[in-house]
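There are 2 protein chains.
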Amino acid sequence: MNVHDYAAQVLDSMDHVGNVYWVACGGSMIDLYPADCLINAKSPSMVSAIFTAEEFNLVPPAALGEDSLVITCSHGGNTRETVDACRIARDKGAYVLGMTNNAGTKIDSGDWPCWVYEWEDDTPQSERPAGFSLALVCDLMAAQDGYTGADAMNQGIAQLDGIIAQAIPQVVNDLGDRFVELCKRHDFFYILGSGPTFCQTYGFAICSLMEMQWQNCCYINAAEYFHGPLECTEPGVFYFLQKSSGVYRPIDERAQRFLETYTDTLMVLDSAAYGMDQLDEAVRTYLDPIFFYEMNVTLRGVRGKAFDHDPDYRRYMGKVEY
Amino acid sequence: MNVHDYAAQVLDSMDHVGNVYWVACGGSMIDLYPADCLINAKSPSMVSAIFTAEEFNLVPPAALGEDSLVITCSHGGNTRETVDACRIARDKGAYVLGMTNNAGTKIDSGDWPCWVYEWEDDTPQSERPAGFSLALVCDLMAAQDGYTGADAMNQGIAQLDGIIAQAIPQVVNDLGDRFVELCKRHDFFYILGSGPTFCQTYGFAICSLMEMQWQNCCYINAAEYFHGPLECTEPGVFYFLQKSSGVYRPIDERAQRFLETYTDTLMVLDSAAYGMDQLDEAVRTYLDPIFFYEMNVTLRGVRGKAFDHDPDYRRYMGKVEY
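Line by line, the protein sequences give chains A and B.
Under the numbering used here, the first residue of the first sequence carries the number 1, and numbering increases by one thereafter.
Under the numbering used here, the first residue of the second sequence carries the number 323, and numbering increases by one thereafter.
Do not take every clue at face value.
Calculated lysine-lysine pairs in the DSS-like style (CA-CA distance at most 27 Å, straight line) [said to hold, decoys possible]:
#1 A:K184 - A:K305
#2 A:K305 - A:K319
#3 B:K428 - B:K627
#4 A:K42 - B:K506
#5 B:K428 - B:K414
#6 B:K627 - B:K506
#7 B:K364 - A:K92
#8 B:K641 - B:K627
#9 A:K319 - A:K106
#10 B:K364 - A:K42
#11 B:K506 - A:K184
If you are wondering where the hints come from, they were derived from the structure by calculation, not from laboratory data.
I would like the entire structure built from these sequences, with the hints used as guidance.
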């Protein structure tokens, strides 16, 4: 079954999709965020919200019910909180669709539909959760709202693989050495981003850096930066700006202007400079996060080599009970 | 006009409240978050979402329209992004209700209803934006959903003033010196919280510490902590846990157990130990953020004195153009 089959199955089973709830944890939740944003931006008939699973479980939304579509993802497949969320949602009458990299795990128990995806270096973006969920949402909106952007989105998702493959060596070349040097000189730094890309601002911080590199850092919404965090800015404080290419770009540009004035330690990764400007603005707003995810992976790899810290090494996850 | 009058005016003007959008920036946005959470937890007929204003302005929700209630807050009254949001929402046919501390400012232009609040040391919580918005939402849900929790909520809001007044000197005594000492020894630390309280985890970071103390730090959702950030934990890394007293408490307890095992530098502020346990669990879940706000103010004051850094001093806000 491909993404269009999954969408058709949802539409066959539900009279009307009123709410879409995206429920997962950490990196798996982050992948679902662009599709959550897309619904709220484009659909007049659906409202979307995203939850870290344990908060969903302790206080399920009052509107959760038979017109709710609950899309969950557990990359490993046995994330306790996410599997609990599937059960809670199913018991409330919602349509549950799981996603996992591992067939036969608890999220792929057969109790609800579950899409099992590959996660290899050459897996195309259309076959990974972020791309899949965007395409799924486009089909739902096309059927329910007459949304006409699905073709452009699917074309954009298909273009990502080439753009990313070309960008990786360029970003390593342009930013790699300086990023390593700045990480060596700073026990801590700030990462800024906005709009749908903010999920990968968060992801760069909590997954690529905190989890995989034990690098202390903080993620800041670039619009919110002007309402508090800017006061920390001064020469010697390191800021990494994810400059997006879509409709939220003015927020990032404003942050860049301020940072260029008030710190001497700024690194800007501009997706428009690495091919994202080739896509429609309406589409690239939601595809930028996928671009930034791959650059996060790239930069953590470069840092990992320089620091002799394998990004796959963990001291707690999968090793101790908690 | 009191909060019930504002609620009655909304209900008189709107046939049905379908969406509630809370739109503001920084600290003013943070104050609206508990009411956003309350709607989604309790109302089967309304869906609520919260936005930093500039993201709302660049991509207004597709569902924004005549059944939308848009509640905005600009403490100073002239926040450009927030005033723009009011205009955008009004032009889409939404019912706009502003809030500000300063009468006659741009948000209080007369183009939409605007509640002007006091913000003195002795202003009761019921007359501040967080308490006001919770009470407003209770009235809307009582009318539209038959919600029966309004009396308990209003009683809880009234109890907060006494609980907070009693807690402040105790928290200074119990945590003050050690908090200052830990800030002196750490250029950076992590703050953890969950559920509605997470807004004040964020607020402690971006307002009280980054903005008012130039103290680098990062805010982490205590449920998300287990899906990445925990790998940074080791002796010598400072964690501040806001332990909430309501239904999300198990998340915080789990984080506390892990932190007590894997770092030697933990500070826990447990709202239940300072009187919040006197309130109904259903109510205190949404009132904990107000408690933690006041403790954030208290701790930044203690730190400010010890560091000779007046929390009211700014180097950029209100001083330079951006």
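Mind listing which of the numbered hints don't hold for this structure, in increasing order? 3 and 4
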